[in-house]
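2 protein chains.
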Amino acid sequence: MTGTLSSGHSETTKALELPALLEPVTAEMQLVEQWLQSNLVDDSAFVATLLTQVFQSGGKRIRPGLVLLTSRASAPGFGELSPRHIILAVLTELIHTASLVHDDVIDRAALRRGQETVNRKWSDKLAVLVGDLLFAQASICLARLMNPAIVGIYGQVLGDLCAGEIKQMNQQFACQVDWDGYLRKSVCKTASLFSAGCHSGPILNGCGDEVVAAMKSYGTNLGICFQIVDDLLDVTATSEELGKPAGGDLAQGIITAPALFILERKDEVASSFERLIKERAVCQPEGIAEALQIMKSQGGVEQTVKLARDYAKKSKDELRCLKPSQFRDSLESIVDYLLLRTR
Amino acid sequence: MTGTLSSGHSETTKALELPALLEPVTAEMQLVEQWLQSNLVDDSAFVATLLTQVFQSGGKRIRPGLVLLTSRASAPGFGELSPRHIILAVLTELIHTASLVHDDVIDRAALRRGQETVNRKWSDKLAVLVGDLLFAQASICLARLMNPAIVGIYGQVLGDLCAGEIKQMNQQFACQVDWDGYLRKSVCKTASLFSAGCHSGPILNGCGDEVVAAMKSYGTNLGICFQIVDDLLDVTATSEELGKPAGGDLAQGIITAPALFILERKDEVASSFERLIKERAVCQPEGIAEALQIMKSQGGVEQTVKLARDYAKKSKDELRCLKPSQFRDSLESIVDYLLLRTR
Chain A
120 MTGTLSSGHS ETTKALELPA LLEPVTAEMQ LVEQWLQSNL VDDSAFVATL LTQVFQSGGK
180 RIRPGLVLLT SRASAPGFGE LSPRHIILAV LTELIHTASL VHDDVIDRAA LRRGQETVNR
240 KWSDKLAVLV GDLLFAQASI CLARLMNPAI VGIYGQVLGD LCAGEIKQMN QQFACQVDWD
300 GYLRKSVCKT ASLFSAGCHS GPILNGCGDE VVAAMKSYGT NLGICFQIVD DLLDVTATSE
360 ELGKPAGGDL AQGIITAPAL FILERKDEVA SSFERLIKER AVCQPEGIAE ALQIMKSQGG
420 VEQTVKLARD YAKKSKDELR CLKPSQFRDS LESIVDYLLL RTR
Chain B
120 MTGTLSSGHS ETTKALELPA LLEPVTAEMQ LVEQWLQSNL VDDSAFVATL LTQVFQSGGK
180 RIRPGLVLLT SRASAPGFGE LSPRHIILAV LTELIHTASL VHDDVIDRAA LRRGQETVNR
240 KWSDKLAVLV GDLLFAQASI CLARLMNPAI VGIYGQVLGD LCAGEIKQMN QQFACQVDWD
300 GYLRKSVCKT ASLFSAGCHS GPILNGCGDE VVAAMKSYGT NLGICFQIVD DLLDVTATSE
360 ELGKPAGGDL AQGIITAPAL FILERKDEVA SSFERLIKER AVCQPEGIAE ALQIMKSQGG
420 VEQTVKLARD YAKKSKDELR CLKPSQFRDS LESIVDYLLL RTR
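First to last, the protein sequences are chains A and B. Under my numbering, read the first sequence as residues 120 to 462, first letter to last. Under my numbering, read the second sequence as residues 120 to 462, first letter to last.
Treat the hints as calculated values from the structure; they're not laboratory data. Careful, some of the hints might be misleading.
Note that the list lumps identical chains together, so a pair holds whenever it fits in one copy or between two copies.
Each computed DSS-like pair below joins lysine-lysine, with the alpha-carbon atoms no more than 27 Å apart [to be verified]: (1) 397 <-> 244; (2) 442 <-> 415; (3) 286 <-> 425; (4) 179 <-> 385.
With the rest of the complex left out, here is chain A (with noise of 0.2 Å):
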């Protein structure tokens, strides 16, 4: 059973429903929910449409969720939220959303979560304008927010998921290895925001250096673990299970950490892998099938599980430093479902 993240948490798993995790900010989770569906809403019927199919897309809410409960956990006797604490949650959804309506133009994808995309659906045009009514959105509620530390973060964040992106494309099909370049493509596409959501709830409850330095250290790993186990998935997964094709990052020559554990044995195997990519093979399904079948065979999958592992493991650890709840216990508990997703 090595190579899969689930080995021998046949009982965990079982707990580890999101909405069981969530429960201690359900009320506050409802309020995320109704300023996304309703607030939103524009002068025109079709922009209204347009969002409402966005958000109701599914998306598992799990940034937002992350905000109320480093929030709550970090509140002074974990006393109940402000409205700014809900505004936190609604912007840290937008810029995750507006992002990925701009990724789907970027990659082209036809489905994300098993349904049309915005640009396949209508068009590119639309997905662009789509994205930046999100992204116009987030920039109306953070400065609602009035924290210049907080503008200061997610305008860190913003510039993140934008130079992250740029720095995939610029290295598309690259196969030296470079596991720094890796890691900080992966804090500027997903650690970045899954960080500024973690410690701007502690920042607003006027918490010490302390207890904000471990949320944002617990949010930066627990982001890079989630980045890594999506591109586990990619290799992992099955079409249907990510709701996309297989295979997908290698075929547009984005190399992870599953390429990069072959890539570095600099062997045989890794040279005829190499070969796969370079000769643009992987574009094409038997070149790809290749390909994922080397990663699942050679030890590329098992050890970008440990991997993982190991990011999971310094974001619990970040924990401690909280006062024991059930909020704590929640974003204990998320770690292992982020670990153990299967999509």
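Model the placement of chain B on the given structure of chain A, informed by the hints.
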């Protein structure tokens, strides 16, 4: 000489050079330029190259100029401006530039100001990301101002820009004469940002409601005038003057003032003009040449010139509430400059 905006203005135009009009705020404009050229630099050399290309490819900096002139014209004793006014000017140009970069993706434009667009030189993907990065920088600037009123104003601008484009896209090749719709679209696409730029400085200055409202109206009317002239130039200017093919709006099914004046005649000329649009003849070189000829020879251009002059006059009239100064003089002359421009 009817049908050209500059008829009877040859002496005036001679003095209407933009650098001369912005001379009263030269020092402040230099600070804005420094900000745009250096404060946006990212850790990635490639991103820095991209941004430099975007900002060095010209642009007249009309919007930051208007921000600075309205700010000084309304400042107590015409006093010097604060760093916040500079940030306001920068963010106004950032939003404008970001929207141009995304517009070029949406319109599949190859040229802008006679230079290759980001989408043409690199790719649509990269242009989406560069636009996002510029919007992100604008959001950071906006939040730094820490002024809830201005945040609301620019939040509306960001929403308007997207909603305006979405509306336009949703009405392509629609031939019903809807002047209200045309004006609303012009406000969303252009006048909303002009208006924001012109009355936010007075708000920072703590001006009274009367001055703030007048500057808002000055900006709105000037913005509508600017958009009408833009629509006019698409019909009257040469491809060399435009830096892109003439007649591009109608070829894309975008119905602007010169076309609306023909369509509203409801006579034989209107019918054959409408057929050119409905049957998509305007998407071909011969069809667009015929449509341009009709707009020029049948009064579409002439009436549009008159419409632009009406908005220019409304704009100038609002300046009466300001005390006389070189800044007010420039604001008045800029109206003529934008009315009489040929590109």
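Check each numbered hint against the structure and report the violated ones by number, ascending.
2 and 4
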